[in-house]
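**Q** Below are the chains, spelled out letter by letter.
Protein chains: 2
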Amino acid sequence: MSKYDQFTGFQVHSPDTWTTFHKNKFDVQPFGDHDVEIKIECCGVCSSDVHTISGGWGDQKFPLAVGHEIVGKAIRVGPKVTLVKEGERVGVGAQSWSCLECRQCKSDNETYCPKQMDTFGAVWPDTGIVNQGGYSSHVRTHEHWVFPIPEAIPSALAAPMMCAGITSYSPLVRNGAGPGKKVAIVGLGGLGHFGVLFSKALGAETWVISRSHSKEADAKAMGADGFLATQDKDWNKDHLMTFDLIVSTANSFGEGFDLAAYLALLDVHGKWVSVGLPEEANLTIKPQSFMSNGCLIGASHLGSRKEMLAMLKLAAEKGIKSWVETVPISAENLSTTVQRLHKNDVKYRFTMVDYDAAFGA
Amino acid sequence: MSKYDQFTGFQVHSPDTWTTFHKNKFDVQPFGDHDVEIKIECCGVCSSDVHTISGGWGDQKFPLAVGHEIVGKAIRVGPKVTLVKEGERVGVGAQSWSCLECRQCKSDNETYCPKQMDTFGAVWPDTGIVNQGGYSSHVRTHEHWVFPIPEAIPSALAAPMMCAGITSYSPLVRNGAGPGKKVAIVGLGGLGHFGVLFSKALGAETWVISRSHSKEADAKAMGADGFLATQDKDWNKDHLMTFDLIVSTANSFGEGFDLAAYLALLDVHGKWVSVGLPEEANLTIKPQSFMSNGCLIGASHLGSRKEMLAMLKLAAEKGIKSWVETVPISAENLSTTVQRLHKNDVKYRFTMVDYDAAFGA
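Residue numbers (the working numbering), protein chains in the order written: chain A, 305 to 665; chain B, 305 to 665.
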């Protein structure tokens, strides 16, 4: 009998068996004054989940229940909680803690706090407990990382916004995507489809850049103004120095990836912002590639609480619909789902649902 | 007898003999309505000159007189010239032409015009004449790239501002260097010393990052607030996530160059802007290096006419003194000087002077 509270979740026991999920009980850190306890209703399936359980991102603490696109009901709030009400429908994303005291935290950059902790796999300092993600019955989270969900957005569509959505939204607003701007989204997957939806909602001319034309019809259905396939000869020729921003969701910079051809699309001081994190080690760049337009490349990591609330408001007001395939949560379905995601067999996000059937009402 | 006007200059005949200069006559493109003819008084010696004549930057047209940090007297102005008066002391930098009609040109980004031409080595479209630089008696340049020099700045100190100065100044002002900002200048050479002088003049807290401590006293004498030597153990530890901007003047990213250690110095969305262009092919980057602070890397190329005039005004008002060693121009002295520059034996810029002795008054 543990001295800690326990929740139940679907855990992977080791990267060697990353396609096998076990329904286990696990310890939860003590309930804090600023904590919110959430009975989970659904959870999106993120590439990070696959990278983590399969060991692609290095050592992790196992057994582990992943999942960080969580929507559920706040069933208990700590005595000092002011941001969330008991009974509210809320979401939790990929980050669950930061110091809230440093310069980064105080400037709405808490996702860059040096002391940040993720929603799963982080070791809780006082207890040594490893926090567990949203393939679970409940989650216990500091109120700063708990976000009320507007009524207009169904839970299964809100869930993937908690990570994929905010990851695409933040670099768009931080880099001025809006009317009069021309934005490219590289890669049409879970992140990329949100990139298109949000870039359009913000009013930017929005293009998709993909390897082939196979997703062109989907891109247009999401609202994209144009589509470029890098397999085409001279694919970038008609658009040199015309884009203000490229948000890259590519999670692979493999053989044949020609960064310079993308950078040549950027107008003066335009930016390439990467939000996909490849498992491969290195990206090779010729400094000369930056010279003809003074462009910049960089990365963006999630988004702030302020941006999360703004994104949800925009999504509610504009009626943005995530493209989601729902799957009832179970050990078997999780196995199938992570394998399908591993093969990129998804259009464009899975949300695990029917939590009551798996964990009780 | 050439059908074109001719000037005299010290030319290199081939990269194989890049340390040998020949005093030759050369053809000049026809005088245009917007052109200014300048009798050269002095010219700074830029690393680009060495890269160019030694073949480090690939094929060039020889014979060639390099030099693009020119100061002299406007002795003739075309009928449509409005920006320069006959008799004025003026400067010419590394760029001498762009279309002035494209989006880049119309937004003070003429240094990124796809049709830009350099001050030397560019082929003049109508005649096939290869333009020649400032190791010459005269230069003939479109008025847009001819800059009146404020009286307060001696010619030999103004000359290196035409390329090294503006190259360092532009990324500082374009990226907000000023009061309350913390700026690092990587490498204390010709460009770097202007980086320190201008960053301080703009009001930013300014640090120098160098391999060793050998230039620390000079950096402080230039006004630097601090100095970091990358050979020191844990050299970046006390400054993680504190810099807003790093301007890199390093012209080599060789063995042991650890970009990630520099990027870790940047605050959220801070920028590494490279103004040195290495001869080596590639820079290798882990995308992860950008994630912890959402930083960006990029490059900057020269600066606009508007910035050139603002820089000269600032230099005049603040009494900025370029650190210059003057050398009388001659075939022999040019040979010695480019070889010294090639070995980085310069503190911190050479200006070739005494043009009257070489070319006549």
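Incorrect hints may appear among the rest.
Identical chains blur together in the list; that is why a pair holds if it fits in one copy or across any two.
DSS-like cross-link-like pairs, simulated, lysine-lysine; straight-line CA separation at most 30 Å [what the hints assert, rightly or not]:
| id | residue 1 | residue 2 |
| --- | --- | --- |
| 1 | K590 | K622 |
| 2 | K485 | K590 |
| 3 | K590 | K541 |
| 4 | K590 | K537 |
If you are wondering where the hints come from, they were derived from the structure by calculation, not from laboratory data.
**Q** Each hint: holds or not?
**A** The hints, checked one at a time:
In this assembly of identical chains, the alpha carbons of K590 and K622 never lie at most 30 Å apart, being 41 Å within a copy and 37 Å across copies at closest. Within a single copy, K485 and K590 get their C-alpha atoms as close as 27 Å, and across copies as close as 29 Å, so both meet the 30 Å cut-off. Proximity of K590 to K541 under the C-alpha cut-off of 30 Å is found in both arrangements, the shortest distances being 20 Å within a copy and 28 Å between copies. Proximity of K590 and K537 under a CA criterion of 30 Å is satisfied in both settings, with 22 Å inside one chain copy and 29 Å between copies.
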